[in-house]
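Colleague: Each chain, written out:
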Amino acid sequence: MPMEVLLIEDSLGDVRLTQEAFRDANTYIHLHVATNGVAAMAFLRREGVHSQAPRPDFIVLDLNLPKMDGREVLAHINEDYDLKTIPTIILTTSEAEADILKSYQLQANCYLNKPVRLDAFETIVKSINHFWMTMAKLPTQAISE
Amino acid sequence: MRSNRIKMKARRSPPAAAIRDLSMPDATEKHLAQMESKYHGLLEAAPDAMVVVNQGGDIVLLNLQAEKQFGYRRDELLGQKVTNIIPEGFAERLIADDLRSAEDALAQQIGSGIELIGRRKDGGEFPIELMLSPLESAEGILVTAAIRDISARKTDEKHLAQMESKYRGLLEAAPDAMVVVNQSGDIVLLNLQAEKQFGYRRDELLGQKVTNIIPVGFAERLIADDLRSAEDASAQQIETGIELIGRRKDGDEFPIEIMLSPLESAEGTLVTAAIRNISVRKAAEMHLAQMQGKYRGLLEAAPDAMVVVSQGGDIVLLNLQAEKQFGYRRDELLGQKVTNIIPVGFAERLIADDLRSTEDALAQQIGTGIELTGLRKDGGEFPIEIMLSPLESAEGTLVTAAIRNISVRKAAEMHLAQMEGRYRGLLEAAPDAMVVVNQSGEIVLLNVQAEKQFGYRRDELLGQQVTNIIPVGFAERLIADDLRSAEDASAQQIGAGIELIACRKDGSEFPIELMLSPLRNSEGILVTAAIRDISVRKKAAVVLLQKVEELNRSNEELGQFAYLASHDLQEPLRMVASYTQLLSRRYKGKLDADADEFIAFAVDGASRMQRLIHDLLAYSRVGTKGKDLIETSSEDALQQALVNLRGAIEESGALVTHDPLPAVLADEMQLIQLFQNLIGNAIKYQSPGVPRVHISAARASGKKWNFSVKDNGLGIDPQYFERIFGMFQRLHKRDEFAGTGIGLAICKKIVERHGGRIWVESQPGEGSTFRFALAGR
Numbered sequence: 001m002p003m004e005v006l007l008i009e010d011s012l013g014d015v016r017l018t019q020e021a022f023r024d025a026n027t028y029i030h031l032h033v034a035t036n037g038v039a040a041m042a043f044l045r046r047e048g049v050h051s052q053a054p055r056p057d058f059i060v061l062d063l064n065l066p067k068m069d070g071r072e073v074l075a076h077i078n079e080d081y082d083l084k085t086i087p088t089i090i091l092t093t094s095e096a097e098a099d100i101l102k103s104y105q106l107q108a109n110c111y112l113n114k115p116v117r118l119d120a121f122e123t124i125v126k127s128i129n130h131f132w133m134t135m136a137k138l139p140t141q142a143i144s145e
Numbered sequence: 001m002r003s004n005r006i007k008m009k010a011r012r013s014p015p016a017a018a019i020r021d022l023s024m025p026d027a028t029e030k031h032l033a034q035m036e037s038k039y040h041g042l043l044e045a046a047p048d049a050m051v052v053v054n055q056g057g058d059i060v061l062l063n064l065q066a067e068k069q070f071g072y073r074r075d076e077l078l079g080q081k082v083t084n085i086i087p088e089g090f091a092e093r094l095i096a097d098d099l100r101s102a103e104d105a106l107a108q109q110i111g112s113g114i115e116l117i118g119r120r121k122d123g124g125e126f127p128i129e130l131m132l133s134p135l136e137s138a139e140g141i142l143v144t145a146a147i148r149d150i151s152a153r154k155t156d157e158k159h160l161a162q163m164e165s166k167y168r169g170l171l172e173a174a175p176d177a178m179v180v181v182n183q184s185g186d187i188v189l190l191n192l193q194a195e196k197q198f199g200y201r202r203d204e205l206l207g208q209k210v211t212n213i214i215p216v217g218f219a220e221r222l223i224a225d226d227l228r229s230a231e232d233a234s235a236q237q238i239e240t241g242i243e244l245i246g247r248r249k250d251g252d253e254f255p256i257e258i259m260l261s262p263l264e265s266a267e268g269t270l271v272t273a274a275i276r277n278i279s280v281r282k283a284a285e286m287h288l289a290q291m292q293g294k295y296r297g298l299l300e301a302a303p304d305a306m307v308v309v310s311q312g313g314d315i316v317l318l319n320l321q322a323e324k325q326f327g328y329r330r331d332e333l334l335g336q337k338v339t340n341i342i343p344v345g346f347a348e349r350l351i352a353d354d355l356r357s358t359e360d361a362l363a364q365q366i367g368t369g370i371e372l373t374g375l376r377k378d379g380g381e382f383p384i385e386i387m388l389s390p391l392e393s394a395e396g397t398l399v400t401a402a403i404r405n406i407s408v409r410k411a412a413e414m415h416l417a418q419m420e421g422r423y424r425g426l427l428e429a430a431p432d433a434m435v436v437v438n439q440s441g442e443i444v445l446l447n448v449q450a451e452k453q454f455g456y457r458r459d460e461l462l463g464q465q466v467t468n469i470i471p472v473g474f475a476e477r478l479i480a481d482d483l484r485s486a487e488d489a490s491a492q493q494i495g496a497g498i499e500l501i502a503c504r505k506d507g508s509e510f511p512i513e514l515m516l517s518p519l520r521n522s523e524g525i526l527v528t529a530a531i532r533d534i535s536v537r538k539k540a541a542v543v544l545l546q547k548v549e550e551l552n553r554s555n556e557e558l559g560q561f562a563y564l565a566s567h568d569l570q571e572p573l574r575m576v577a578s579y580t581q582l583l584s585r586r587y588k589g590k591l592d593a594d595a596d597e598f599i600a601f602a603v604d605g606a607s608r609m610q611r612l613i614h615d616l617l618a619y620s621r622v623g624t625k626g627k628d629l630i631e632t633s634s635e636d637a638l639q640q641a642l643v644n645l646r647g648a649i650e651e652s653g654a655l656v657t658h659d660p661l662p663a664v665l666a667d668e669m670q671l672i673q674l675f676q677n678l679i680g681n682a683i684k685y686q687s688p689g690v691p692r693v694h695i696s697a698a699r700a701s702g703k704k705w706n707f708s709v710k711d712n713g714l715g716i717d718p719q720y721f722e723r724i725f726g727m728f729q730r731l732h733k734r735d736e737f738a739g740t741g742i743g744l745a746i747c748k749k750i751v752e753r754h755g756g757r758i759w760v761e762s763q764p765g766e767g768s769t770f771r772f773a774l775a776g777r
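Protein chains in written order, with the working numbering: chain A, 1 to 145; chain B, 1 to 777.
To be clear, the hints were calculated from the coordinates, so they are not data collected in a lab.
Among the hints, a few may not be true.
[Unchecked claim] In the DSS-like style, the derived pairs of lysine-lysine whose C-alpha atoms are separated by at most 27 Å in a straight line are:
(1) K102/A - K625/B
(2) K588/B - K126/A
(3) K81/B - K68/B
[As the list claims (entries may be wrong)] Simulated restraints on C-beta separations:
(4) E752/B - M135/A: 43 to 49 Å
(5) N64/A - A700/B: 46 to 52 Å
(6) D636/B - T27/A: 43 to 49 Å
(7) E47/A - E550/B: 53 to 59 Å
(8) E97/A - N555/B: 22 to 28 Å
(9) N64/A - R699/B: 46 to 52 Å
(10) G689/B - M135/A: 42 to 48 Å
(11) E752/B - L101/A: 28 to 34 Å
(12) D82/A - D636/B: 44 to 50 Å
(13) G689/B - E97/A: 42 to 48 Å
(14) R585/B - N64/A: 26 to 32 Å
(15) E549/B - E97/A: 26 to 32 Å
(16) T27/A - E668/B: 44 to 50 Å
(17) N64/A - G473/B: 57 to 63 Å
Since we're looking at a predicted model, the values are computed, not measured.
Ideal placement from N, C-alpha and C gives every residue a C-beta, glycine not left out.
Using the sequences and the hints given, assemble the complete structure.
Modeller: The structure is reproduced here in C-alpha cells:
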C-alpha cells in the first residue's frame with residue numbers, strides 16, 4: 001500500500017533531492033509537495049483544487065516558507081483535531097534553539113537539520129523512511145472518516 | 001635697871017611709885033623685880049623700837065632701837081610726851097586699845113598693827129607700824145608700844161600700788177586674755193579679753209578656780225613655773241608658751257597657749273597668765289602640716305625633678321627625681337647653693353619671677369618654661385626646662401622649681417629641624433606638585449611645581465584653605481587618612497592614589513591624582529599631598545576606552561558577519577555540492593570522459609568549499625556562540641573529546657593517556673573542541689608506529705594551569721611555530737593530510753577567549769607538545 005507523504009518545502013533543489021532520496025529508500029511512497037504554507041494547509045484541509053487530496057501518512061515540514069511559514073503551519077496542524085494526529089517531521093537548516101523548542105512545543109514529532117553533505121542528507125531521508133514507515137505504528141483510521 | 005627706876009622716880013612723882021609701895025610683901029617685890037629685869041632685858045633685845053608709855057602719855061621706858069629709830073638719847077625721851085615721837089594717833093589708840101581685853105591685845109600681831117607716822121629728833125618723819133600691849137604696873141596701866149619703821153615697806157607698798165595700777169592698765173589693754181591666779185588657784189584678776197574669750201562676766205570668774213576655764217595643765221604649770229626664777233619666767237615669750245585647752249562658759253573647748261609670769265603682791269606670789277586663743281593658729285598649723293605632708297608627697301611622686309630653693313639660693317628640699325637627674329644623694333644637695341646644679345640663669349629667674357604675681361607664676365606651664373643648662377655631679381651638662389612657682393612657708397618665700405630634662409626633646413628638635421630642612425629640599429625638587437596641609441585645612445607649605453600646576457604664586461596659596469585648589473574630596477581624605485596608621489598611609493603609592501578634581505587660579509579644572517602621607521611636627525599632624533596632573537592620562541584612558549569599544553564592536557560585527565556569511569553561503573553551496581555529486585553518481589561513465597572529469601572537479605571544488613565554509617563557521621562560532629566561563633571538569637571534557645574521536649582513535653590504534661586533570665574556568669563545548677582538535681591533530685600527523693598521546697596539567701603562577709598535549713608524531717619545524725596557528729595555514733599538501741588548516745586557529749581562538757595562550761614545543765621527527773594555559777579556581 002503506498003504511503004502518502006506531504007513535503008512542505010520551498011527550495012526546489014531540496015524538493016528534488018528529497019524525492020530522489022525517498023525514491024531510493026522506498027518505492028511505495030507517494031510524495032506530495034506544497035511549496036508554501038498556504039498551499040500546504042489547503043491540501044491538508046482538502047480545499048479547492050485539493051478536494052480529492054489524500055490524507056498524508058506523515059508530513060515533512062521545512063520551517064522557512066513564504067506566505068505562511070512552517071512554524072505557523074505546525075501551529076495550525078496542532079490546532080486541528082483531525083490533522084494533529086499526523087506525524088510531522090521538521091526538516092530545516094535552522095539550528096536555532098528557539099525553533100527546536102517551539103517545534104516540540106507545537107507537538108512536532110521530531111526535529112531534524114538538513115545535512116550539508118549529500119550522503120548525509122540521503123541517510124536522513126532513509127532514516128525517516130525506515131523509522132516512520134517500517135517501525136513506527138501509525139493510526140490507520142482518521143477520526144473523521 | 002634699878003638705877004633707872006630710881007632715876008625715874010627722882011624726876012617725877014608718878015603713881016608708878018607703886019613700885020615702891022611698901023605695903024607689898026618682900027616676896028612679891030622680889031618676883032616683880034625679877035619680872036622687871038626680865039622685861040627690861042626683852043625690851044633691850046627687841047628688834048623693834050619699844051616704848052612704854054604711861055597713862056599720862058609720857059614715855060617711861062624705851063629701848064636702844066627706839067633711840068636709834070627716833071634719833072634721841074634715852075634720857076632725851078624719858079619722861080617726854082610720846083607725842084614727841086608719834087605726833088598723832090597714839091593717844092587715840094590708847095583709848096581704843098583700852099577697850100580691848102588683854103587677851104585680844106596679846107593676840108594682835110605685827111603686820112596687823114596700826115600705821116602711824118613717827119617723827120625723828122631731826123624732824124624727819126617716817127611711817128611706822130604700831131603694836132600696843134598693856135602692861136600692868138605699880139604705877140598703873142602702862143602701854144608697851146612696839147614701833148616698826150615701815151618706810152621701806154611703805155615705799156614698797158606705794159610702789160606696788162603704782163605698779164598695780166599700771167599693771168591693771170596693761171592688763172585691761174592687753175590683746176590677750178590675762179588672768180591672775182593666786183597660789184590656791186583662784187582667779188584674782190582678769191581683763192576684758194579674758195571675759196570675752198571665756199564668755200564670762202568678770203564677777204563670774206573672780207574668786208573662781210582657774211580650773212574652771214583651764215581644766216587641765218595650769219596647776220602643774222604653776223608648780224613648774226614657780227621653780228623657775230622670775231627672770232627666766234619673764235624672758236619667756238608667747239609662742240614658746242604652753243599649749244593647753246581652754247573652756248568657755250558655754251562648755252566649748254578651744255586650744256590656748258598660756259604664758260605665765262609670777263607676780264609678787266601683798267597677797268603673796270600670784271601668777272599672771274597671758275592666754276592666747278590659738279584655734280586659728282592650730283587650724284593653720286594642722287592645715288600646713290597636711291599641706292606640707294601632701295606637698296612632700298607630691299614632691300616625691302613628681303615625674304620631674306623638683307627642687308625647693310630659699311631666697312638665699314640654697315636648696316632646702318628636693319625629690320627623688322632630682323637626685324637621679326643630677327646624680328647626687330639628697331644630703332649632698334640639701335643646703336647647697338642651687339647654682340651647683342643650675343650654674344647660670346636660676347638666680348636671675350628667681351628675681352624675675354618674684355617680680356611676677358603669684359597668679360602669673362601659677363599660670364605658667366611646662367612647655368612655656370625657661371630653658372637652661374643643668375649640671376650633673378659627674379660634671380656632665382644637659383639641657384633643662386624649669387618652671388618656677390613661689391611657696392610661702394614659715395621660713396619665708398621659697399621657690400619650687402620643676403626641672404625637666406629636655407635632652408631628648410632638644411635632640412628631637414634638632415633632628416626635626418634637620419629633617420625639615422631636608423624635607424624642604426625634597427619638596428622643592430619633587431617632580432609632582434607637593435602641598436602640605438595642616439589639620440585646619442590650611443596650606444602651610446608648597447613647592448614650585450604646585451605654583452606652576454595651579455597657576456598661583458606661593459604667597460597666594462600659603463595660609464589659604466586647600467579647598468581653594470581642591471574643592472571636593474581633600475578634607476574627607478584627611479579624615480579617612482588620619483584613621484589609618486602612619487605605616488598604612490606611607491605604604492600607599494601613586495597609582496593607587498585618589499582621583500579628584502583640582503581648580504586652577506584661572507578657574508579651569510583638571511583631574512588630579514592625590515597621594516597623602518602624614519607628617520608629624522611640633523605643630524601637630526600635617527598632611528603632605530603629592531598632586532599629579534592626570535589630564536593626559538585621563539584623556540588617553542578615554543581614548544583607549546573608545547578604541548577598545550570600537551574594536552569590540554568591530555570584532556563583534558566581524559564575528560557576526562563571518563557567521564552570517566558562512567551560514568548563508570552554506571545553502572547555495574549545499575545545492576551545488578549535492579547536485580554535482582548526483583550528477584557524478586548518475587552520469588559517471590554515461591557521458592564522455594571530459595564530462596566525467598569536469599563533473600569530478602566541480603564536485604571536488606564544491607566539497608572543499610563546503611569544508612572551508614564549515615570550518616569558517618566553526619571558527620566564528622567560537623566567539624559568537626561562546627558561553628560564559630564556568631567551573632568545568634577538564635577531565636570530563638577530555639573524555640567527551642575522546643568519545644568524539646573514537647573512530648579516529650580506533651582506526652589509528654592510537655594510545656591516549658592522561659594525568660589527573662583539574663577543574664578550570666571554561667566553556668565546556670569549546671574545551672571539548674580544543675582537546676578534540678589537538679588530539680585529532682596528534683593522531684593525524686603521526687609518525688610510523690603506534691601514535692601515543694599524553695595529556696597532563698601542571699600548576700602555573702596565579703591560579704593558572706598549564707596543559708600539555710604531547711605526541712610522538714611528526715614534529716614541527718620551529719620556523720613554523722607561529723604560522724601553524726594562523727587561519728587556513730597548512731604545512732602539508734592537500735593530498736598528504738586532510739584538513740583545512742583551521743583546527744589550530746580554532747584552538748588558539750578558544751584558548752585566547754579563555755584568557756590564556758597556546759604554544760608549541762617541537763622538533764621535526766621528535767613529536768610535539770602543545771601547551772596552553774587556562775585559569776583554574
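Colleague: None of the hints should be skipped; say for each whether it holds.
Modeller: Hint-by-hint comparison with the structure:
1. K102/A - K625/B: holds (20 Å)
2. K588/B - K126/A: holds (23 Å)
3. K81/B - K68/B: Holds. K81/B to K68/B sits at ~18 Å (cutoff 27 Å).
4. E752/B - M135/A: 43 to 49 Å: holds (47 Å)
5. N64/A - A700/B: 46 to 52 Å: holds (48 Å)
6. D636/B - T27/A: 43 to 49 Å: At 47 Å between Cβs, range holds.
7. E47/A - E550/B: 53 to 59 Å: holds (56 Å)
8. E97/A - N555/B: 22 to 28 Å: holds (24 Å)
9. N64/A - R699/B: 46 to 52 Å: holds (50 Å)
10. G689/B - M135/A: 42 to 48 Å: holds (45 Å)
11. E752/B - L101/A: 28 to 34 Å: Given a distance of about 32 Å, which is inside 28 to 34 Å, the answer is holds.
12. D82/A - D636/B: 44 to 50 Å: For D636/B against D82/A, whose Cβ atoms are near 48 Å apart, the range 44 to 50 Å holds.
13. G689/B - E97/A: 42 to 48 Å: Taking Cβ atoms as reference, G689/B and E97/A lie about 44 Å apart, which means the hint holds.
14. R585/B - N64/A: 26 to 32 Å: holds (28 Å)
15. E549/B - E97/A: 26 to 32 Å: holds (29 Å)
16. T27/A - E668/B: 44 to 50 Å: With Cβ atoms ~45 Å apart, the hint holds.
17. N64/A - G473/B: 57 to 63 Å: holds (60 Å)
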